[in-house]
Amino acid sequence: MTDLILTARMTAHPADSHMIDRFVATGGYSALRKALTELTPEEVKDEVKASNMRGRGGAGFPTGVKWGFLAASEPRYLVVNGDESEPGTFNDRQLMERDPHQLVEGIAISSYALGIGHAFVYIRGEYPRSARRVQRAIEEAYAAGYLGDGILGTDFSLDVTVHLGGGAYICGEETALLNSLEGRRGEPRLKPPFPAVEGLYAKPTIVNNVESISNVPWIVNNSGTSYAAIGPERSAGTKMLSISGHINKPGNHEIIMGMTWRDMIYDLGGGIPDDRALKTWIPGGASAPWFVPEEHLDTILSIDDVAANGSMIGAGAVVVMDETTNVVAAAHRIVRFFAHESCGQCTPCREGTRWLEDVLKRILDGRGRPEDIDLLLDISDNISPGLSWPPAMTTICPLGPSAVSPVTSITRWFLPEIEAMIAGGGDSDG
Amino acid sequence: MADADQVTITINGIDHVVAAGQLLITAAENIGEIIPRFCHHDKLEPVAKCRMCLVEVEGPRGKALVPSCTMPVSNGMVVDTKSAVVTKAHEGVLEFLLINHPLDCPICDKGGECPLQDQAYAHGPGESRFVEEKRTYLKPLPVSDLVLLDRERCVLCDRCVRVADDIAGDPLLVFTERGNAVQIQTFPDEPFASYFSGNTVQLCPVGALTSVDYRFKARPWDLHHVTSVSLVDTVQSTVDVQTSRGKIVRVYGVENDAVNEGWLSDKDRFVFPAIHADTRVVQPLVRNGERFDKATWGEALEIVASRLGSCKGAEVAAIGGAHNTNEDAFALGKFMRSVIGSAHIDAQIGDGLDARLAAAVTSRARLGDLDAASTILVWGPDLKEVLPVLYLRVRKATRNGATLVVVSPVATGLDSVADHVVRYRAGTGSELLRKLGAGDGDLVGARSALREGPVVALVGRTSLAEDPNLAESIAAFALSLPEAKILPLLERGNVFGALDMGLAPGLLPGRVSVDSQEGVDAIEDAWGPLPDHEGLDAMSILADLVEGDMSALVMVGSDPVSDCPDPQLARAAIEAADFVVAIDAFITDSSVLADVILPAAVWGEVDGTVTNLEGRVQRIRPSLLPAGQSRALHGLLDDIASQMGADLGTSDLAMISKEIASVAPSYAGITIDYLTFAGDPDGVVVPIEDAQQPLVYTPVDRPVPVVTGEFTLHLAASLYDAGVWLSNAAALGDLARSAYVRLHPSDAARRAITPGETIVVSGSHQLPVALDDTVSRGTLVVPHNLEETKGFVATPTVTVDTVRGEE
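Protein sequence lines, in the order shown, are assigned to chains A and B. The first sequence begins at 78 in our numbering and counts up by one. The second sequence begins at 16 in our numbering and counts up by one.
Simulated from the structure, these hints should not be mistaken for lab results. Note that the structure is predicted; figures quoted are calculated from it, not measured. Where is the CB? At the ideal position from N, CA and C, for every residue including glycine. Hints are supplied without guarantee of correctness; some may be wrong.
Said to hold, decoys possible - Some chain B residues near chain A, calculated using beta-carbon distances under 8 Å:
hint, residue
1, Val72
2, Gly107
3, Leu187
4, Phe190
5, Gly194
6, Arg302
7, Lys450
Stated by the list, open to error - If you want the footprint, here are the derived chain B segments under chain A, 3+ residues with CB under 8 Å:
hint, region
8, 109-120
9, 276-289
Same shape as in the complex, but just chain B (with noise of 0.2 Å):
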């Protein structure tokens, strides 16, 4: 009858056969017996707190009220969850969460979708016995800037607590107190400062913890779900967008367990209020002198394919496209190529890795093989600054027993859950992945765990002053280690995706190279021929238009100015260019420079797909109309293409669907139709089936020169920056962090600089000091893009001096 992996259980006299392994509160939901339960989450550890879920089960001495969330189903078991005994234990315990509770649902933001009201009706006894007075508490209690505590709706469940602590890494929400007077608290002078805390609220079973941008904002049944995806970074996390009265007013994760399983940072929940600031772009801007005029789409549009239609081809470039979908992307790459006849086009900004290697890597790993990686490198960014979930995907890897070897010149999030912290020196990356090849002195362990397969790699750039190459040549390197998987680390929300449209100077659609005939060919015969000259990257551009090479420039929601490495090249190449347009929602310290500003549609108001990391495709929707006069790029493009006497053929997104779907051959069959009714509800990775992937690029070992010199430079990303999103988010907008500078204390001592002391790095910004012995010793640590780093050049090498005036 029943398989070794599966038993058969009695459930209320019924027998079933279920899968073995799982806790009986999970086999009976998967046959439709819903037990009741507050503590028990599918995510996180049992705990058995809120004995709501208690069952009768038959054992030697009779028949015992278990809780069902600790109970393993095993062969045989007789389980009984509606008999008198049961009945009245939830009818019990359901009583005794209310008595305290002060039950002003009316008020409360649960009211409505809460598990406590539920169960109330479905279980409770109806009427309160309680004459007594109720328990009271201060409150709301700020445990963080993003969170509330009501500790009188909190029935101590202990939900919160295993977020932060075991999902999160963050312990900072703890039980204080005992008996009646437990309560959650956070420790004192220590808030629940947590880049996860949100996902606290999201799995709080009653209204004892909202968040500070929903308190009072709407009413659970008022609401408008939309599933969509989140563009704050790569990982693409699948969303719940809730909308009352035509705003944003909630973003809930969904469990889409092959992403993002219904976690999200604070910034993908908390980053909407943007979209709704008043400082957006709602109006096509026109440059006058030192100020923009309001101008009607008709007047921008014209001044827009006038002054790009009065260039060569190979005198524009485009920046840009890593925020917006698949389709405006590929409308981008088209328009660039098809109609501007010009190949300078790239979605990275000299922020990112070879196009190649992220886009067509061979061996790509998804963000599933870490549950069974046995070891995992992470070589790159700090995953918890600026990949969170990826951050809680990879600790979860740890949890079930994977080896974690971390490589980076500064200490990082995940180092507590590591077995192998490797640090280096800023600059001498190269040197460090010789040693680690050849596992010499104290890299032994860490070689010897990276012989452990399946391996999962996750390179990338460890910050922006790292030499590209040196992620290929790791990349590389993890190729030879057993069972290998890489997964190239990008971060803006859409990168992935738009380098799959072509949005790279060496790519066309569809991870095909510029060097393939073949692909070539192909495109030429659906879109006529390309342009002939060898398309520029992000920096090269910028450096043509100092040069006076180029002329113009299209700024695709991209800020080079506070983005790319060299933040002064940007300013000057777009002061130097001759006409700049920017479609983009927010003046930026590039928009501001344009000439022409298109407002554009943001996610929240664009429709489409998008691709993420490991190369699924999800179905990204739209929530609200555009705001304002801002339009879709795809449409616009169209445009201003036929205003250039152009058909471009972009003006309707079912159609740049299909033409995706045939001309991108790793997205063959992927159409948003196929993404709605026919594809997997958790999206696909391309290529799919029988779709062809034309280029896989296996990567090489580059030479990598080691930087010498007294201070070389670690530009440290942070997940709350000075980025225009976030400081147009209402609560997030406060959180950026200030900027000290770190370096090790020997350094420091050397150059006797003392914590606190502001001292000018490379002789542009004067910045606070603060010492870490994490650092590695001759590394400076500067924040990226931070209020006062802006302008900062991300270079090899820094120079220290110290302000103490005239000694």
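One chain only, chain A, in its complex shape (with noise of 0.2 Å):
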């Protein structure tokens, strides 16, 4: 393993990685220095392009094309997305923790690399403790000079507001979460305009996440072509993997892909508990399609490589179920949150999603019939056609199709296992 990039403060200094006196001690805030007084805003963003990243919240979208789209006319804005609240993720939660100032530090040079004056950072508001970090790591940084007016003697100015969201899962979709930071319902909106031309207020706007943010101070210090030599190509840099489950090790993880998911599970994660055998897991966060053993263990862990095998990275986080898991309940699980989390506004989501979860708990309760499994499967045609991935859609986000992952990996794995619950009347206690 090469030097950790976002971890390496808060695993080196545990106790006060957040206060910035730390922070400063430790190189931070030398970026924005370098960044202001050496490189234009066209170097910066030069260097971003360069790194090669690739979005951390979960579509993988190179961060520097992205930074590309923002249309040129005053305002715009800057977005940050803290609305972790992918089931299984918690890894942007201890990088807002642990070390504020490092996404303080990344949004003051984005902001100034995209010529913005005003940033956002939206939190999920069952993420108190991050809230109040990051607003106090906000406040010291105003205090020191590092935001307001004329940072570090430049004429660059910024202001920086956090947001605590209501408790939406859709507000983690950057147009929800556009919609409500101005105080609208949490519906996803249609696109095109796309944010960086129409976001925020009608203005320009970059929409990142946190991980992603965080990236920026040590790409401006060490140049993008630094970050870009780490791991393979096209999943450049480090990645914040989040570990549940049937794992001996739980945990948020800063690894360079290119390792295997054995030994990701086996290695990184310590094992099973009580070494009960795998049975699946999840690469990617709820939305994911599983993978399992036999067909995926010596697969590479890429953004890529698992894209190809029919999943995705996501958001980063990774859950693991043995050989006792009962799949159907852990589906119905999962469906079950997203119908909860649809916003409602196309019918496929709020109505399949909803029908997915009852034909689930109605085989869970010994209620199943031989032609709900060919239902489960049409209903999620309508949700998401065809089936594949990437998903195509009905709806305007992809929610629905969410809910269909793991419907169509239950079915496509442990088909004997529901069918036989089906027969023998379900198994309520999964």
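Since each chain sits alone in its own frame, please combine them into the complex, following the hints.
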């Protein structure tokens, strides 16, 4: 492993990595100073583009390319997406709680590069500690002259505002987030127009994930090409993984992609408790199709390899399930989550996710019918036609297709188990 | 091949050249490929929520499903609306919409005309696979006094919310909850109190929103439809009048884009029950001391003919005709001028404008001009209250980028979308007009906006208390603005048609001045000699009746005691007259004082043509026979004339229509047949093609004194007043507002008046006070024609006394 990028400080100084003194003492805000005093905004943008960093929020779109779409009109905004809500993800939380100044510095550098005078950090409402720490870091940064008017004696000025979400998963979708920030219902917008052209308050807006922005200071200090050199091509840099479930060492791990899933689960994760057998795992959060050992254990953990195998790394949530898992119950639990979090504007998602939930529940309760398996798949097909990956959609945003992933996963890998459950009268204690 | 404004698209393998800039769903529809839809509506911004209109469009990454309601057509676009994928998507969405739908079609008002039902037949899967429990809600939920909501039937298409928010500007319907529990709701304790609520019922693609009036009244396949025109105000919205078993049960807006674009006010939509009210006068009534006796038509006509015949022509006057058809109005004018021999005839009741300005102003605007206006000036009544559909049109213009300048002594409905709101103390408009012309002080912005043409000026009287000459001065100023057009504002149903038919002391039929010898000669050729005296307007008529200079009055659907600026004068005049005949459908504050009441056919029963505020003539068609023994005006006038030994020649509608087309120059060529068969279905603006308009009136700046005094009066009109039609319309009858007098807090403080306190206004009316900082200082706002303000005299200034007892 090379030097860690995002978690180096918190690993070395667990007690006070979130305080400004420690941050500055460990090289913090030097990248901001470098950017503001030595680099033009264009040069900063070039570095980020050269880093080949792909957005860490889940879609994996190159951050530097996204920045290139920002329309020229003023004002424009940077919105940092800290609404980390994907079940199984908790790495942004660690970055916000343990190294909030790294994020603030990234925000300041990014805003300088993009010609932005006001940035917003949207943090999910269930993360009060993250919000407190980011807010405090912002206040410390203002006091120390890293934010506010005339930063570090230059003519660059920036205000940063923290906003707490109200508890809706969908507000992690960038346009629903913008609606929420504006005080509207958290519903994804029609695209186009994309936020880079018409975003917050109908002004050009860049929405980036916490992890993406937190990488920016390192890129400025060490150059984009240095970042691009880490890890496999097209999966450059490090990636925060949140590992949970039936695993001996759950928690966040900053990794360099390129290892196999076997390495990840059995070395990094320490294997399965009591040496039980691995049954399945979700490689990238509740929205992602599941992997199984017989097919995927020796495939490579990278953005493109996971995609080639029909799933995604997403925001980096790995959920491990061992042989004791009732997969129908697991799928039901995930589908129930998406049905509950559907914003309700598109018919297929509003009606279909709930229908899937009801059918799965019926199977668990022992009232399943043999035809329910086809029914589940056809309902899924009407939400995500073709049941392919990446998913086609009959909906505005991918939340509906996300609810389809667990259904297609269990019908693909565990069909006999479902059939047995239907024949055997359910298993509601799963 | 294709022009710059056209593109070629391929739909289902066939190339089509279509207009650029339109949405795919519309382009497809125009060439006969109907793509199913629920949330899409031509007049609303797309939201793509229902997902019913998905089609496959070829893109760089192959075919993809896209909602055709948000996709603009582009050159070379290849579209499949019938592929297996598309068909499956349509079936899938429909199944999703139906799984929680109650399927109570047999008892649903929408059953039989329901897009969900129709599209389930056309695109649905046929059988349900849903064995789970359906979603249930408490129902129906009254979202307002007029509209009920059934949340189980709702498909959450967002149409009602968009109509309320975007079109009407009343953001009172909202989505609450999320996911499967999303529902339409109102805010707590805030009903959907909108003047436009009925449009949501009409646009609802399912039976989720129903109107209190229509609920469970009829089945769509039993309805008889007649396209007609609303006479509630001078916009004259095109309507679809629907009857069942001899009664009007529903009125829908027709998408006449030249006029109302499909929208109606709730008054247009819900006033019809008054026609069927059992309070209607349906038989001739003859006074017998303090009461009326029923009479036969023969008895009543004989009395009227002999009493009117015993007067000299100049002793008889007629007030009214503004709610009648053009043909009836024409008959009334001809009756007065050629049979009675009187020029004293006025369709306005001292509540309007100079008839020449209203009927024949130069550079008269059309409603469609608002769509292209750069700047719109509104200086007149509160459009939301008196011409609500025009209010919608102005709102639309502002959404499309027009700059709006609103001038009024008090806040108006349009203020929220206005770029410049200018206030002045009631009675000081002439002073303000000078300042606005000069662009002084804080009027710089408004003045410079008015330098951006084309300008459309909507000009009328802000209140009955305002000098009518002010409006003419405003019009004269507006004419000086770049590419200016003027739309004079009057309110009463067909008042513009009545003026065009000569129901004004200074006008002859077809926008001809009585001062024009040529015009007089022409009409005398047809009718014989005209009266040689000068005609008087309504207020002078009333004064002359009181003075005894006149002796008889014909009131035609008019209620001067309620509607004229001086109700006390009107009452005294009617009481002083030797003989008064009211041709009316109701006992009103005025007709109750008459000697004879002749029952008149009303809207819904009458046939002919009407003319709106832009001069557009449309067909008004009957849905019903006149109630009881009621008769159309033209026929009964013909009978009175016969009794008096004259041949009025108005017994037959087609005959009148031909006579109008020949003697009313601006209406040359406009017959009922022309409008029915040859004219534009949207109606035609007169004069057409080769026809001439003899009188073209250029407004002049008239001296208007500035009113001084402690309180000047603004008499505020409201959509729901105590008018006889509203009080007889079941659902609307209860909506009249309570009568608060409004004044600025600083005026109240000076007089130590507290909110809620009762004050005496002008020594005649005790009314409760509300404070309102949108009222200009020194102005007292009194609501017009509510139960509590009946009889209130519109004087320029008013006095205010407190009633705190003897302290």
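Right, here's what the structure says about each hint:
1. Val72: Nearest chain A Cβ about 13 Å off; hint violated.
2. Gly107: holds (3 Å)
3. Leu187: Result: violated, 16 Å to nearest chain A Cβ.
4. Phe190: holds (6 Å)
5. Gly194: holds (4 Å)
6. Arg302: violated (64 Å)
7. Lys450: violated (36 Å)
8. 109-120: Holds: 5 residues of the region 109-120 of chain B have a Cβ under 8 Å from chain A.
9. 276-289: Coverage by chain A is violated for the region 276-289 of chain B (0 residues, Cβ < 8 Å).
Violated hints for the displayed structure, listed by number in ascending order: 1, 3, 6, 7 and 9.
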